[in-house]
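Trainee: Chain C is fixed; fit chains Y and E onto it per the hints.
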Amino acid sequence: MARYIVRRILLGLIVLLGVITITFTITRVIPSNPAAKWVGPRATPEQIKAAEEELGLNDPLPVQFFNYIKDLSKGDFGRSLRTHQPVKDELIAFVPPTLELVLLAFVLAVLIGIPLGIYSAKKKDKALDHISRLFSIGSVSLPTFWVALIFQLIFYRVLGIFPLGGRVSTETTIFYDLPNITGLLIFDSLITGNWAVLKDALWHIVLPCITIALYPIGLVARMTRSALLEVLNEDYITAAKSYGLPEKIVLWKYALKNTLGATATVLALSLGYTLVNTFLVETIFSWPGLGSYVATSVVTLDYPSIMGVTIFSTANYIVLNLIADIIIATDPRIRL
Amino acid sequence: MKKGFAGILALALAIMMLLSACGQGGQQDSSTGKQNGAKRIAYYAYGSEPYIDLDPSVEYSNGLIVLHNVYETLTRYDNKTEEVKPLLAESWEVDPEGKVWLFKIKENVKFHDGTDLNAEAVQKSIQRTIDMKMGAAFVWDSVEEINVKDDYTVEFKLSYPAPLDLIASGSYAAFIMSPNAVEQNSDWFNAGNAAGTGPYKIQKITKGEEVIFTKFDEYWGGWKDNQYTDIIIKKVAEGSARRQLLEKGDAQVATSFSVTDLKALRDNKSVVVSDHETWRNVIGFFNSEKAPLDNKDFRIALAYAFPYDETINEIKEGLAVQSYGLIPKGLIGYDESLFRYSLDMDKAQEHLDKSGVDTNGLKLEMTFTSGNEVYRNFAQLYKINLQKLGIELDIREMNWDNVWEKSKNPKPEDRQDMLVMNWWPDYASPLSWLQSLVLSEEEILFNLSYVNDPALDAKVAEIEQFIAVDKEKTHDLIVEVQKKIIEDAYFLHIYDDMSSWVTDVHFKGFEPNPAYEGVVFFYDTYFE
Amino acid sequence: MEKVSAMDALKPRIKEFKYSLYLLNRNLLTRVAFITVIALFLIALLAPIISPYPEHIKDEANVTQKLLPPSSKHFFGTDELGRDIFSRVLYGTRVSLTSAVLSVGLALLVGVPLGAIAGTAGGVVDEVIMRITDIFLSFPPLLLSIAMVALLEPSLGNAMIAIALSWWPWYTRLVRGQAVSVKERKFVQAAETIGTSKWKIVFKHILPNTISPVIVQASMDMGGVILTIASLSFLGLGAQAPTPEWGLLISTSRNYFPDAWWYSIFPGLAIFITVLVFNLLGDGFREILDPKTRKN
Chain C
1 MARYIVRRIL LGLIVLLGVI TITFTITRVI PSNPAAKWVG PRATPEQIKA AEEELGLNDP
61 LPVQFFNYIK DLSKGDFGRS LRTHQPVKDE LIAFVPPTLE LVLLAFVLAV LIGIPLGIYS
121 AKKKDKALDH ISRLFSIGSV SLPTFWVALI FQLIFYRVLG IFPLGGRVST ETTIFYDLPN
181 ITGLLIFDSL ITGNWAVLKD ALWHIVLPCI TIALYPIGLV ARMTRSALLE VLNEDYITAA
241 KSYGLPEKIV LWKYALKNTL GATATVLALS LGYTLVNTFL VETIFSWPGL GSYVATSVVT
301 LDYPSIMGVT IFSTANYIVL NLIADIIIAT DPRIRL
Chain Y
1 MKKGFAGILA LALAIMMLLS ACGQGGQQDS STGKQNGAKR IAYYAYGSEP YIDLDPSVEY
61 SNGLIVLHNV YETLTRYDNK TEEVKPLLAE SWEVDPEGKV WLFKIKENVK FHDGTDLNAE
121 AVQKSIQRTI DMKMGAAFVW DSVEEINVKD DYTVEFKLSY PAPLDLIASG SYAAFIMSPN
181 AVEQNSDWFN AGNAAGTGPY KIQKITKGEE VIFTKFDEYW GGWKDNQYTD IIIKKVAEGS
241 ARRQLLEKGD AQVATSFSVT DLKALRDNKS VVVSDHETWR NVIGFFNSEK APLDNKDFRI
301 ALAYAFPYDE TINEIKEGLA VQSYGLIPKG LIGYDESLFR YSLDMDKAQE HLDKSGVDTN
361 GLKLEMTFTS GNEVYRNFAQ LYKINLQKLG IELDIREMNW DNVWEKSKNP KPEDRQDMLV
421 MNWWPDYASP LSWLQSLVLS EEEILFNLSY VNDPALDAKV AEIEQFIAVD KEKTHDLIVE
481 VQKKIIEDAY FLHIYDDMSS WVTDVHFKGF EPNPAYEGVV FFYDTYFE
Chain E
1 MEKVSAMDAL KPRIKEFKYS LYLLNRNLLT RVAFITVIAL FLIALLAPII SPYPEHIKDE
61 ANVTQKLLPP SSKHFFGTDE LGRDIFSRVL YGTRVSLTSA VLSVGLALLV GVPLGAIAGT
121 AGGVVDEVIM RITDIFLSFP PLLLSIAMVA LLEPSLGNAM IAIALSWWPW YTRLVRGQAV
181 SVKERKFVQA AETIGTSKWK IVFKHILPNT ISPVIVQASM DMGGVILTIA SLSFLGLGAQ
241 APTPEWGLLI STSRNYFPDA WWYSIFPGLA IFITVLVFNL LGDGFREILD PKTRKN
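Protein chains in written order, with the working numbering: chain C, 1 to 336; chain Y, 1 to 528; chain E, 1 to 296.
This is chain C alone, in the form it adopts within the complex:
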C-alpha cells in the first residue's frame, strides 16, 4: 500500500512537470509581446528592449524554462505582466474567495445530493425516481453561466431578495473593517464574532454557491443511487433483509456505509470540475476569486498569471485524484 502511494505521488509529480512543460511551451510559442505588455499599452521599441532585458526574455527558451522551474521550486511564480505584482501574492489574494465558494457548494452537495440519491435508489423506477433522475441529470446539463444569469433575474431583479453580486455589500466595506485571517470571509467573521459582516457575507454567497453546487449535487445523487443499488443487490444485504432486519437499519447501517467511499471519490473528482465551473460563475457574480482573475489574465494574455492558475488548479486536481485513487485502492468494493 505504502509503495503504491509513493509510486502514485511520484507519478503525480511527473504529470505536473508535464503540465508545466506543455503550458510553458504553449505560452512561449504563440505570437505575443510580453515585454510590450509589461511596459504598457503604447510601448516604444526602446522601452520594449529595456523590458526584454529586465524580464530575461532574450535568454534561449530552455534557459528560460530552467529558470522558471528553479523559481517555481522556491515558490516563485514570476510576476504578472499586467499588474507587475508577484503571481504568488495574487494567488494568495484570489484563492480564498474561490475556496470559500467551492467548499460551501460541497457542503450543499452532500446535504442535498446524498439524501436525494438514497431516496432515488429506494424508489427505483417509481415516478419519484424518475423525477429525481431528471433532476440530477438536469443539474449536470445546465450551463452554469446561464443559471447564474437566471438566478440574478429571479432573485435580484424580480424578487429583490438577494444581491446582484460581490462578496459583501458596499456599505459593509465602508462601515466595517473586514476581518482577514484566513481570507475565508465567512470563517473569519465567525471566529472574530463580526456578526454584521457574517450576515452580509452569507447573504451574498447564497446565489453563487447554489449555482456552483448544482453540478456536484447531481453527481453525488447519481453516484449514491447507483452505488446503493449495487450494494442493495449484494447477497449480504439480501440476507440481512431476509433475516427481517428493519429496512432502515439495513439501509443505514450496511448499505449506505458501503457507498460512502464511492461518493467521496466522486466528490473529490468533481471538485476539479467545480473549480473550473466557478471560473464561469465568478465573473457574473463579480466574485473576486480565481475565476475573475483567470478571466482577466486570459483576455490580456498575461501568461505568468495563466501559468500560475493552471499549475495551481492542476496540482489541486492531481492531489484530489490521488486521494480518490487511494480511497479506491483501500476499498476494493468500489469500481468506478
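Think of the hints as simulated: they come from the structure by calculation, not from any bench.
Here chain E is said to cover these stretches of chain C; the calculated rule only asks that three of the stretch's residues, wherever they fall, bring their Cβ under 8 Å from a Cβ of chain E: (1) 19-28; (2) 126-139; (3) 148-156.
Incomplete in silico selection of chain E near chain C, CB under 7 Å: (4) Asp-134; (5) Pro-140; (6) Leu-143; (7) Ser-231; (8) Pro-258; (9) Trp-261; (10) Ser-264; (11) Asn-279.
Sample of chain C residues at the chain E side, in silico, Cβ under 8 Å: (12) Ile-14; (13) Val-15; (14) Pro-143; (15) Gly-272; (16) Leu-275; (17) Val-298; (18) Leu-301; (19) Ser-313; (20) Tyr-317.
Yeah, the Cβ is synthetic: ideal placement off N, Cα and C, and Gly gets one too.
Mentor: Using the frame of chain C, we list chains Y and E on its own:
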C-alpha cells in the same frame, strides 16, 4: 427517509429566507454623501479595477483616476479655455526654438510625508519616470536633461521641439512625488504607500477592488467646509449595480452605463445625467499595403459602405459623433469643414467599379479586441452591407496581443485587411494621432493602415515644429494632413466617443475633462 | 465466403442491439430523450426551412426593431440588431450539433488508434502513451481548452480542436482497456499462435470489438461537448459573430441583461434541453449496457 429529505429542504429554505431578511435589514443605516460626524464621504462607483499599478511612474491604465487625486502635475489642461493652466508650476517660459523650458515651481507646497516641494523634487520625479522606461515614459522622449536652476526653478533641455507645458499636464507619467518616494521601488507604492502633494492621501487599498482616500489637511489649496473629506473609489463591475447605488443615494458619481440604465436614470430626480465629448475616437484601419486594399478607389468604396448613422444612432444610441477626420473636438486641427463619408451604396458600387477589383470570392478579414459589443455590432452591419457589394467580411475578435502581432507581421499579405481600435491622446495635443497613426514607421507600431507618404511625413514634422509656438499655422497644417488621408481613404473615421456621467444631485462641482478621462478631481467637488 | 461469415458473426450482436433498443424504449424518460435527439438533428437539418427569418442569420439586420420582447411575430423576441432570436436559436442547433460531432470525431480520431496501439503493443510504448494521457487528463476540464483557445486565435474551429485535445485521452484509456481485455481472449490468442501479425490482429479483432463501447461513450460525451463549446463561446473563446452559437448569444445578451430577459433565457434553454436529452440518452445507454442492471 422521506421525512428527512423534506426536513433538509425545509431547513435550507428557512435559512435562505432568514438570510434574505437580514440582508435587507443590514442595509438600512447606510448613507454616504451626507455629513457623517466630521467626515463627508464621496463614493465613486467605477466599472473596472480602480488601478493596475500604483507606481505613478509606471501606471498607464485606469489608475489615473486614483493618482490625479493623490499626486499633482506641474500643469493642468483646462478644457473650457483650451489652455494649459499652472498647478505645481507657477509659471513657465520657452525659448523661441521650443527646446529650452524653464518652470517656476510653487512655494510652500508640502508632500504628504511632510517634505517640501522644490525644484529638486520635480527633477527627481520626472527623471525617475524617464529612467524606469515604463508606461507612458515615452512622452518625455524629447527631454535631454533636466537641471535644477535654483530652489524653485527647473530647466528642461530638449533634443527636439516639443510642447512640454502640455506634456507636463499629461494624464500619465507626469506626477511629482516626494524625494523619499522617488527612492522607493514599485512594490513600495503598490503596498499602498504614496507621497504626493495632492489633496487626498491614500488611506486603504484593496488590490483590484477599491481605494479609500482621506483628505490631506495641509494641502496647499486649503479646505472648505462643504468639500468631501473621504473618498471611496470602488470597482462595481455590473452597470445595474452602479445604477442601483446611485438610485439609493449610496454612490455620488459613476459612469459607463448601458442605454437602458441611462434611460431610467434620466427620469430619476435624485440624480443628474450629463453627456460629454471625449477625446477617444474609434478608427478603422485599412491595410493599404495589401491587395485589393492598396487600391484607393476600392478603399473609398469600403468607406462609403460603412453604416455610420446606424452605428451612432442605434448602436451608440446617439452617444457619439461621427468623426471629422482624425482629430476630435477640442484639440487643434479639429475642423467641421472636413469631408465625412456617409453610407451610400450607389457611390460605393461606383467606386468599386472604378477600382476594377474583382469581388468574386473576395474575403476580407476585420480584427479587433474581443469583447467590445459596439465593435461587434457595427462589424455585423458592415458585413451585411459589404455582402451587397459581393465582398465577404470575416469578423475576427481576438486578444489585443493577437490583433497587434498579426498587424505587425513582416508580410503585408499575412496581416489583417481591416483593424478597428480606438485612440486617445497621452496629453492634450493632436500630435499623438499624427505621430502614431500617420507618420511612416520603420518598425510597425500603431500606423496600422501602413500609411507611407513622404509628403505627409514632411507635414507632420512641420507640425511638430510649430505646435508649441504657432497655433493657427498648426491648425491649417493638421487640416491639410487630414484632407489628404480622407481623400485617400486610409481610415474609417467612425466616431468620436462620448461619455455619460451620472451624479447625485447633492454632488456639485464636477466637470469631466477629456484630457483626464474618467478622473473625478474630488477636490473641486462639494456637497450642496 | 468472408462476407457471409462476417454476417454470421454479427448476428448475435444485432440481436443484442435489438434487445438494447427494446430496453431503451422501455424507459419513458430515455424514450422521450431519444425522440428529442432525433428531433434536434431534424431541426439542425431543416433550420433554413423552418426558421421564420433565415435571412437574420447573417444577411440582414433591422436595428430599428432591436430588443423587442417576444410576440407572435418574433416568438423569442429580437436581439440588439433587430434579428429574430427564434430563427437564430434554431440555426444554433445546427452550429452546436455539427461542432460537437466534429469535436468528438476528432477526439476519436486521435484517441482510438493511440489506445489500440498502447493496448496491443504494451511495454514501453504503452507506458509512454498512458503517461501522456495522464498529463492531459490532469488538467482540470475546460482549463486546458480555455488556455489553448486563448493562446490560439479564438474561433469555433480552434475551440473544437481544443476540446478534442482535452477529450481524446478518455478514448485512449477506454480503447486500451478494451484492447488489453480482448487480447486475453481465446480467439485473439489463437490468432497469435498461428502467426497472424500483431497489427492485423489489432485491426481485425481488437478494434471491431472495442467499437461499441466507444460509440456509447462518444454519444454520452455529446452533451458535455456541447456544454463546453457553449462555455468557450460564452467566454469569447469560441464562435465569432454573427454565428448564431448559443453560448455566444448568451454572452452577448449579458449587455442587455436583465432588461431584455428573453435574449438570455431562450438560448440558455436550448443548451439545457439539448445537453439534457443527450445526457439522459447516455444515462439510458449506460443502464442498459451495464450487465448488472441488464439482467433484470
